[in-house]
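Protein chains: 2
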Amino acid sequence: MNPDFFMKEALLEAKKAFDKGEVPVGAVIVKDGNIIGRGHNLTETKKDPTAHAEILAIKQAAESVGGWRLLDCDLYVTVEPCAMCAGAIVLARINRIYIGAMDPKAGACGSLMNIPQDERLNHYVKIHTGILENDCQQIIREFFQALRHKKKNIRQSNQEEN
Amino acid sequence: MNPDFFMKEALLEAKKAFDKGEVPVGAVIVKDGNIIGRGHNLTETKKDPTAHAEILAIKQAAESVGGWRLLDCDLYVTVEPCAMCAGAIVLARINRIYIGAMDPKAGACGSLMNIPQDERLNHYVKIHTGILENDCQQIIREFFQALRHKKKNIRQSNQEEN
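Going down the list, the protein sequences come from chains A and B.
The first sequence begins at 1 in my numbering and counts up by one.
The second sequence begins at 1 in my numbering and counts up by one.
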């Protein structure tokens, strides 16, 4: 199966986050060609700092396989995982990570650090980058543009009131 | 309050993990002198690779404060956090980490990496180490000794059967 196919599914998850006012990141976990875990960022909705797309997808996949080892499973995620998620990917023994857009500010799969490929850890994860990169970047860009616009409007209306 | 007081509470959590056959790590989160989150390692019981003591304590504390930012909160943990947990600690904006025993194989708060003090990230966490270090090491040592003993007995009884 072409990686684009599953990244489109991860993008559908990112869109769900966007529609809820959450930073739009989505992830799916695939085993034997089937999606066994899905997740989108829900930190604000769940009021939970750990509710990133990848963590939620990993939890769902672990439930699906009935154990914490996600052997022979691949993770598709629209934005490069942070340190927490990269650490969780190693703990879960994920086989491959497919990444859409890189995150130069907090990415831990090649940008600031490369936790899944730290050979001192007891598991090494293959990484593929640039999968539908433009689409994955575009939804993030739209989200932050809309946020800045909203904040500007609030500031202006506060100034008018004063 | 003396850090030993809260590390003893984290050790009580580690003991709960031990009694369930889980790697004995425990954590508590403290705000204004009160424990607002507790957790012990439950990866096997919950069949969830993310069910580390720190993650469970952070989730409970976030529920307690009603938001994902654990400002002015301190985390006490019997063993140095791994990359996943260190990343979660930064995301949650924890103020200080108090660590019992270091983990040279997977620790991400000074051993292999130091994620909470990576100044490229948007939050910096103060770290205090060596709190009741011997007690925190001892429970881990006992757990792995018992595990090796159990495995040896299984091997011997298998050889006797053959």
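Treat the hints as calculated values from the structure; they're not laboratory data.
Just so it is clear, the structure is predicted and the values come from calculations on it, not from any experiment.
Cβ atoms here follow ideal geometry from the backbone N, Cα and C, with glycine treated the same way.
A couple of the hints might just be wrong.
As the list claims (entries may be wrong) - Quick look at which bits of chain B chain A covers, simulated, 3 or more residues with Cβ under 8 Å:
{"#": "1", "stretch": "5-12"}
{"#": "2", "stretch": "72-78"}
{"#": "3", "stretch": "97-104"}
{"#": "4", "stretch": "138-152"}
Unchecked claim - Only part of the chain B face toward chain A is listed, based on derived beta-carbon distances under 7 Å:
{"#": "5", "residue": "Lys15"}
{"#": "6", "residue": "Val23"}
{"#": "7", "residue": "Leu42"}
{"#": "8", "residue": "Thr43"}
{"#": "9", "residue": "Asp48"}
{"#": "10", "residue": "Gly110"}
{"#": "11", "residue": "Ser111"}
{"#": "12", "residue": "Gly130"}
The stretch 138-152 of chain B covered by chain A? Criterion: 3 or more residues, Cβ-Cβ distance below 8 Å.
Violated, because only 0 residues of the stretch 138-152 of chain B bring their Cβ atoms closer than 8 Å to Cβ atoms of chain A.
Holds or violated: is there a CB of chain A closer than 7 Å to the CB of Lys15/B?
Hint on Lys15/B: violated, closest Cβ of chain A at ~22 Å, above 7 Å.
How about Gly110/B: closest beta carbon in chain A under 7 Å, or not?
The hint is violated - Gly110/B has no Cβ within 7 Å of chain A, the shortest such distance being about 14 Å.
Verdict on chain A covering the stretch 5-12 of chain B, where coverage means 3 or more residues with a C-beta closer than 8 Å:
violated (count 0)
Would the hint on Ser111/B stand, with a C-beta cut-off of 7 Å toward chain A?
violated (9 Å)
Has the stretch 72-78 of chain B got at least three residues whose CB is nearer than 8 Å to a CB belonging to chain A?
Answer violated; 0 residues pass the 8 Å Cβ test.
Would you settle whether the hint for Leu42/B is holds or violated, based on the nearest Cβ-Cβ distance to chain A being less than 7 Å?
violated (10 Å)
Would the hint on Thr43/B stand, with a C-beta cut-off of 7 Å toward chain A?
It holds, given that the least Cβ distance between Thr43/B and chain A is near 5 Å, below 7 Å.
Let's test the interface hint: is any C-beta of chain A closer than 7 Å to that of Asp48/B?
holds (5 Å)
Hint status (Cβ of Gly130/B to nearest Cβ of chain A, threshold 7 Å):
Nearest chain A Cβ about 23 Å off; hint violated.
8 Å C-beta criterion, at least three residues: is the stretch 97-104 of chain B covered by chain A:
violated (count 0)
Restraint outcome when Val23/B is required to lie within 7 Å of chain A by C-beta distance:
Where the cut-off is 7 Å and the nearest Cβ of chain A is about 12 Å from Val23/B, the hint is violated.
Of the numbered hints stated above, those contradicted by the structure are hints 1, 2, 3, 4, 5, 6, 7, 10, 11, 12, listed in ascending order.
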